[in-house]
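The hints should help you fit chain B onto chain A, whose structure is shown.
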Amino acid sequence: MSQANPRFSPAALLRGALVPVLAVVLWQILSTSGLINPVVLPSPVAVVERWWAYLLPTEPYDPAQSSWILWALSGEMLFDAWSSLYRVVLGFAVGAGLALPLGLAMGGNPRIYALFDPLMQVLRPIPPIAYIPLAILWFGLGNPPAVFLIAIGAFFPVLMNTIAGVRHVDGIYLRAARNLGAGKLTMFLRVILPAATPYILAGARIGIGTAFIVVIVSEMIAVNSGLGFRILEAREFMWSDKIIAGMFTIGLLGLAIDIGMNRLNNHLLRWHRGLEN
Amino acid sequence: MTPMLKTVADATPAADAAPVQIRIRGVEKTFAVGSQKIVALQDIDLDIRKGEFVCLLGPSGCGKSTLLNAVAGFQPPTKGTVAVDGRTITEPGPDRGMVFQEYALFPWMTVAQNVAFGLEIKGMSKADIAARVEWLLQKLHLQDFRNRFPKDLSGGMRQRVAIARVLALDSPILLMDEPFGALDALTRRTLQDELLRIWEEVGKTILFVTHSIEESIYLADRIVVMTYRPGTIKRDVVVDMPRPRDGSAPEFNRLKRELSQMVMEEQQRFSQDEIRSVTAD
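Listed in order, the protein sequences are those of chains A and B.
Going by my numbering, the first sequence opens with residue 1, and the numbers climb by one from there.
Going by my numbering, the second sequence opens with residue 278, and the numbers climb by one from there.
Chain B on its own, in the form it takes in the complex:
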């Protein structure tokens, strides 16, 4: 269909490729909504290598967040397995730090307390916690906000705190569920750049859910496009462009056009479904 797109299947992995860190095999997830059975995910096979930045892209209802939640351990799949470093996931854990779109900061804790919370659970000493929190606040430019409560912060600042909170755990994997979806375009770009800077510095594996095509091209090593109900993998596209990526470059735009076409096909099926469900009522 689009021969210029490099998919993972085409690309022969280099001999020095990093080992697979997240292995998803035959994952299926069904929900019962009333008397209806909804297949949110079907036949998902996906390998994510250590240090890779992978975006899950698709319209609403394509199951990308469901897949992320299965990796996080919040919602175990109906069928199939998710394994991290060879260990099958059964529950959430601090080895897979999650950043939520709604920030999910604890509003009764200050910025510094939010960042320290995971470390306190780990049982780290007070002095170590203080040092690590300080380092993270510096890294995310939050030093001046350490004693503020989340309600007094802008959306962008809140998301910085949420990122600092999961970075504190030093987990090898970061799961991000449309983390910048609620932010304005400029704040979004700033945070994307900071995320890339941090990723390059600390070398985490990132699984990032988004419905923004541009965001996925700007950030990812690989973009996994998903279909709408049942949620399957439509295409697995390698983004082979040096960073920082230029949104006006011809290569960027060609990829954007091709991905748009794929996503819009799914979006149309989503819209038709929505219209059907309304007229059925």
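Chain A extracted, bound-state conformation:
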């Protein structure tokens, strides 16, 4: 089956690489021509070199200090990426962990919905970034305000989609389950919840996307580590090559998170009609 995947044929790869390669060549020509100040726009070669240096360990290898693998992973970039990822995952877990039960309750029970919906409608339009001053006032600096902001960013997409998912469960499943004798709890856990998972996971994907935006912003303001902190720090030293190298790393981490979510999605929804492979 994989022998003739048209996306990865040599011709397709060549076509796909054409525009990026041209863009990089143009960039290199511009920066070597001397027309542009390298502080404003460093050359792609400089960015790659800086990225590589950012990836590699800063200390020379000393067998007495640590194992080889720990040393290889001790570079600044990996530490930053890990810090950012940790905050995203923790903040997302908190936000989604609160949104999921509330969304299930609100979607399943009109009275709970009527109770909570007005508050949610008031809070939902406030961008998570607007909570920054309050987050710092409440939690000071460091991880707590960052996790708080990320949790807020993840909370609303998961909440809204969970409510919608529960409400859109096809009535035929409910009728079939009632006919088979399902009680309230069984109905909820084994019919409504799985039937709503496509919606919930779509919300989780939006939520983790928001969480990733918020982590970069909050690192620029409240924390002294992470990819967001690092590129702002680089600006202080006018290291534009490091800023761009950091941005690439942010992009790569975002891509990795998205691929991970996609895999999880495909596994959890392997029964779903829309996903044929």
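These are calculated hints, taken from the structure and not from any lab test.
Predicted model, so just to flag it, every value in this text is computed and none were measured.
Any given hint could be a false lead.
Claimed, not checked - The list that follows gives simulated cross-link-like pairs (lysine-lysine, BS3-like), each with its CA atoms no further than 25 Å apart:
| hint | chain 1 | residue 1 | chain 2 | residue 2 |
| --- | --- | --- | --- | --- |
| 1 | B | 403 | A | 184 |
| 2 | B | 416 | A | 184 |
| 3 | B | 399 | B | 416 |
To be verified - Short, incomplete list of chain B residues facing chain A, as computed with Cβ under 7 Å:
| hint | residue |
| --- | --- |
| 4 | 379 |
| 5 | 395 |
| 6 | 398 |
| 7 | 400 |
| 8 | 422 |
| 9 | 430 |
| 10 | 476 |
Said to hold, decoys possible - Have a look at the derived ranges for each label pair, beta carbon to beta carbon:
| hint | chain 1 | residue 1 | chain 2 | residue 2 | range |
| --- | --- | --- | --- | --- | --- |
| 11 | A | 11 | B | 552 | 55 to 61 Å |
| 12 | A | 114 | B | 356 | 55 to 61 Å |
| 13 | B | 337 | A | 125 | 42 to 48 Å |
| 14 | A | 167 | B | 517 | 49 to 55 Å |
| 15 | A | 172 | B | 541 | 29 to 35 Å |
| 16 | A | 14 | B | 337 | 55 to 61 Å |
| 17 | A | 11 | B | 548 | 54 to 60 Å |
| 18 | B | 479 | A | 89 | 31 to 37 Å |
| 19 | A | 114 | B | 479 | 43 to 49 Å |
| 20 | A | 122 | B | 316 | 18 to 24 Å |
| 21 | B | 312 | A | 114 | 24 to 30 Å |
| 22 | A | 97 | B | 552 | 53 to 59 Å |
| 23 | A | 97 | B | 311 | 43 to 49 Å |
| 24 | A | 101 | B | 478 | 46 to 52 Å |
Cβ atoms here follow ideal geometry from the backbone N, Cα and C, with glycine treated the same way.
Chain B in isolation, oriented as in the chain A frame:
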């Protein structure tokens, strides 16, 4: 009108006839559609005996599915009662297993999990469930599909799973709402034969909704023809032919002709209504 048709009223029940299992008395069901009041069912009196295979036949909108849903307990009637074994129906229950036209399989469960679901609700032990599911999968030729999800099955296979799922409950009554309506003719015939085989083997009472005249003659002991709005019982016809029934037999065709006439009268009223509702807009 058609003296050769045997109706239930004419037939004197045999002394050893099975007891009445489903008793429908004075059932009326009205819906409000906008400002209009629609009488879906009116004055329905119907007795279905234990072990009987009864088809409800009629055009769209004649209330046959509404009547089935009242027996299932999904939509209680506006007036009148439906009683099963003397107990008035108020809600759905596993004593009346339902097979839906849309299959209504749980897409997130595999074939085996779908069949096991009702048994798990019953609280049966794991080993008993496994044995019963295995037996049903064999019976409906689903052994090789046990770990598939419904999306990977054909319509005919899905309906087999749906039948296995309600058979699992061992309910005395099977309610079937145009179960083979979405299937191609050959698959439909295969499943009709399997249904008859299973019915003869396990002896369930079956109430089967269809708009196919041939299907009703092929399957039923009795065909209840319904009128279009208000839905009433037009005729209650006994099909007195040995099974398997031959669709080309003169007797089969005579019955088909007579039923067609009755159904087409109702179908015409349905079409006129449809045209009226379109021109009224």
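Hints, verified against the model:
A threshold of 25 Å between alpha carbons decides the hint, and for residue 403 of chain B with residue 184 of chain A the separation of about 22 Å falls inside it, so the pair holds. For the suggested pair residue 416 of chain B and residue 184 of chain A, the alpha carbons sit about 31 Å apart, so the restraint of at most 25 Å is broken. For the hint pairing residue 399 of chain B with residue 416 of chain B, the CA-to-CA distance comes to about 21 Å; that is within 25 Å, so the pair holds. Restraint check, residue 379 of chain B versus chain A: the minimum CB separation of about 6 Å is within 7 Å; hint holds.
Taken as an interface hint, residue 395 of chain B checks out: its beta carbon lies about 4 Å from the nearest beta carbon of chain A, inside 7 Å. Residue-level restraint check for residue 398 of chain B holds (minimum Cβ-Cβ distance to chain A is 5 Å; threshold 7 Å). At a threshold of 7 Å, the smallest CB-CB gap from residue 400 of chain B to chain A is about 10 Å, leaving the interface hint violated. For the restraint placing residue 422 of chain B at the interface with chain A, the shortest Cβ-Cβ distance is roughly 14 Å, beyond the 7 Å limit, so the hint is violated.
Of the supplied interface hints, the one on residue 430 of chain B is violated, with its beta-carbon coming no nearer than about 12 Å to a beta-carbon of chain A, more than 7 Å. Hint on residue 476 of chain B is violated. Least Cβ distance to chain A is approximately 19 Å, over the 7 Å limit. Checked against the hint of 55 to 61 Å, the pair residue 11 of chain A and residue 552 of chain B passes, with Cβ atoms roughly 58 Å apart. Taking the beta carbon of each, residue 114 of chain A and residue 356 of chain B are about 34 Å apart, not inside 55 to 61 Å as hinted.
With their beta carbons about 46 Å apart, residue 337 of chain B and residue 125 of chain A fall inside the hinted range of 42 to 48 Å. Checked against the hint of 49 to 55 Å, the C-beta distance between residue 167 of chain A and residue 517 of chain B comes to roughly 51 Å, which is consistent with it. For the pair residue 172 of chain A and residue 541 of chain B, the supplied restraint of 29 to 35 Å holds, since their beta-carbon distance comes to about 31 Å. In this structure the supplied range 55 to 61 Å holds for residue 14 of chain A paired with residue 337 of chain B, their Cβ-Cβ distance being about 58 Å.
A C-beta distance of roughly 58 Å is found between residue 11 of chain A and residue 548 of chain B, which places it inside the suggested range of 54 to 60 Å. Distance hint check: the CB atoms of residue 479 of chain B and residue 89 of chain A are about 54 Å apart, inconsistent with the given range 31 to 37 Å. A hinted range of 43 to 49 Å for the beta carbons of residue 114 of chain A and residue 479 of chain B is consistent with their spacing of about 48 Å. Checked against the given bound of 18 to 24 Å, the beta carbons of residue 122 of chain A and residue 316 of chain B, roughly 47 Å apart, lie outside it.
Evaluation of the 24 to 30 Å hint for residue 312 of chain B and residue 114 of chain A yields a pass: the beta carbon distance comes to about 28 Å. Restraint check, residue 97 of chain A to residue 552 of chain B: a C-beta distance of roughly 57 Å satisfies the suggested window 53 to 59 Å. For residue 97 of chain A paired with residue 311 of chain B, a C-beta distance near 45 Å keeps the hint of 43 to 49 Å intact. Between residue 101 of chain A and residue 478 of chain B the beta carbons are some 47 Å apart, a value that agrees with the proposed interval 46 to 52 Å.
When held up to the earlier numbered hints, the structure conflicts with 2, 7, 8, 9, 10, 12, 18, 20 and fits the remainder.
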